[in-house]
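Participant: Listed below are the residues making up each chain.
Number of protein chains: 2
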Amino acid sequence: MNNSAIGVFDSGMGGLTCVKELHSLMPNENIIYFGDTARIPYGTRSRETIMKYAAQDIALMKKHDVKMIIAACGTVSSVVGMEKKDADGIPFTGVLLPTVQAACAKTRNGKVGVIGTSATIKSGSFAKAIRTIKPSISVVGAACPMFVPLVENGFSDRDNKVAQLVAAQYLEPLKREGVDTLILGCTHYPILHDVIADCMGEGVELISTGSEAAKFACAYLTRHDMLAERETDGEISFYSSDSTEMFRENAESFLGEKIKGSVTKVEMEELTSLA
Amino acid sequence: MNNSAIGVFDSGMGGLTCVKELHSLMPNENIIYFGDTARIPYGTRSRETIMKYAAQDIALMKKHDVKMIIAACGTVSSVVGMEKKDADGIPFTGVLLPTVQAACAKTRNGKVGVIGTSATIKSGSFAKAIRTIKPSISVVGAACPMFVPLVENGFSDRDNKVAQLVAAQYLEPLKREGVDTLILGCTHYPILHDVIADCMGEGVELISTGSEAAKFACAYLTRHDMLAERETDGEISFYSSDSTEMFRENAESFLGEKIKGSVTKVEMEELTSLA
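Note that the protein sequences, when read in sequence, are chains S and G.
Count along the first sequence from 1, add 28, and you get the number used in my numbering.
Count along the second sequence from 1, add 28, and you get the number used in my numbering.
Please note that the accuracy of each hint is not assured.
To be verified - Counterexamples of contact, computed for chain G against chain S with all Cβ distances above 12 Å:
#1 Ala66
#2 Arg67
#3 Pro69
#4 Ser74
#5 Arg75
#6 Ala87
#7 Gly138
#8 Ser164
#9 Pro177
#10 Glu180
#11 Lys203
#12 Leu255
#13 Glu257
#14 Met296
What the hints assert, rightly or not - For lysine-lysine, the following DSS-like pairs were computed, each having C-alpha atoms within a straight-line distance of at most 27 Å:
#15 G:Lys293 with S:Lys189
#16 G:Lys112 with G:Lys150
#17 S:Lys150 with G:Lys80
#18 S:Lys293 with G:Lys150
#19 S:Lys243 with S:Lys286
#20 G:Lys80 with S:Lys293
To be verified - To give an idea of the chain S side of the interface with chain G (calculated C-beta under 7 Å), a few residues:
#21 Leu234
#22 Met254
#23 Asp270
Keep in mind that the hints were calculated from the coordinates and are not lab data.
None of these values were measured; they are calculated from a predicted model.
We treat Cβ as the ideally placed atom computed from N, Cα and C, and that holds for glycine.
Construct the entire structure; sequences and hints are all you get.
Facilitator: Structure, rendered in structure tokens:
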């Protein structure tokens, strides 16, 4: 038993898709979420800068004495890699391992597609991770750098022509290869689920990183007897590096409901001094 | 006569459109450019965060002993406002005053449109500035938050369908109002010039902020006898807060040519410690 909170961080709001799933799987758990909204997006930055930001995000989580840290961010997970399994003794997971395990279990024709930010696809991390688990699977990747701005600016409805056009352009190589399983390698992408599903056509299974990371964390905490023992619903506390009001306004589309808990500002000076 | 450099900064690469014009108007001037590529974009962040980032950018310029500072960034200019005319004794200009002066001189029907980032349009700064100069002019603003990602991800050719669709949606209210002059209130937007011009139709004059800021600086330095006296071409030195390689790769589309001078990394710790 362990009543400490689960720590989740992301470059912005996308990781809230993971929080939503965590809360649904383990309603009694306290969760601490940090969205680095003053420095979003991570996915177009250099490896060096992403590593530095991630180290600061992890240090912030540790300050809050969490029992497990989830990098609910495809970019950070890709750059950090699959080997990192703890942060100074605190269990750690990115979205990489949980997601590729799900993809390997689900594909029937052995062709898996991966979409993500430029940094994620450039790292080749999902393809490498899949090959480690099941070398016979062929992997096709495509960077979709416009997907995050589309989501953040409201171009995400199923019938949105702009989203459809951009998706058609980015996903064309994956359709040509005939993948039957598609990893949405960025926690923003579930918001574009319908547009992506329509474009890929029937019979292609979409895998959401945030959701798989949440299932992975649930299994880990259960296996290690680290679940909270609490009669009531757990508390979710939110932290953001930019305006807390903006965070509240934008959270609903990722979380599926309005934020009930507190949102606290993390000053940039604090963040950069941490690691 | 003053042989110090002119300092120009922006959230990223867009301000290079101003550097290009400065170098063309005053080829003998040294120019120092800083692009805050580790924290781009500014335009979707809160006023408080933008003010902090701008203060740090200005402090960095001052460290380099420049003779004039240009905030070649529509968002910073809007948030800082038109009143700021020096930074501890160093002449300062944003793009606001130069651009609205040009717009007021050019409009024939007294209807001016302004497009920019969410922060720029929300601030209402261009409209206020225009009313100060010529209260009879009516101003229509439209936030175009997708334009920066479109430019940064290569969706900017004249015949690009995605860019055309997004432009049609954003610019519709300005067309309906019949503006004859349109301020491109973000230094990224000149890259979308053709798409915007086609959408607005003939007879609408587009005003580029970077270019107007450069003309303003040239006039200021001439009037105050602060031009450089140098036989040879001036040097342009570049600084960026993210990868200098990425900066080099992306600069050409804004600068119109490959970077000849040096590109130096500014560490985030240095930047946040400055102001």
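Participant: Check each numbered hint against the structure and report the violated ones by number, ascending.
Facilitator: Violated: hints 1, 2, 3, 4, 5, 9, 10, 14, 15, 17, 21 and 22.
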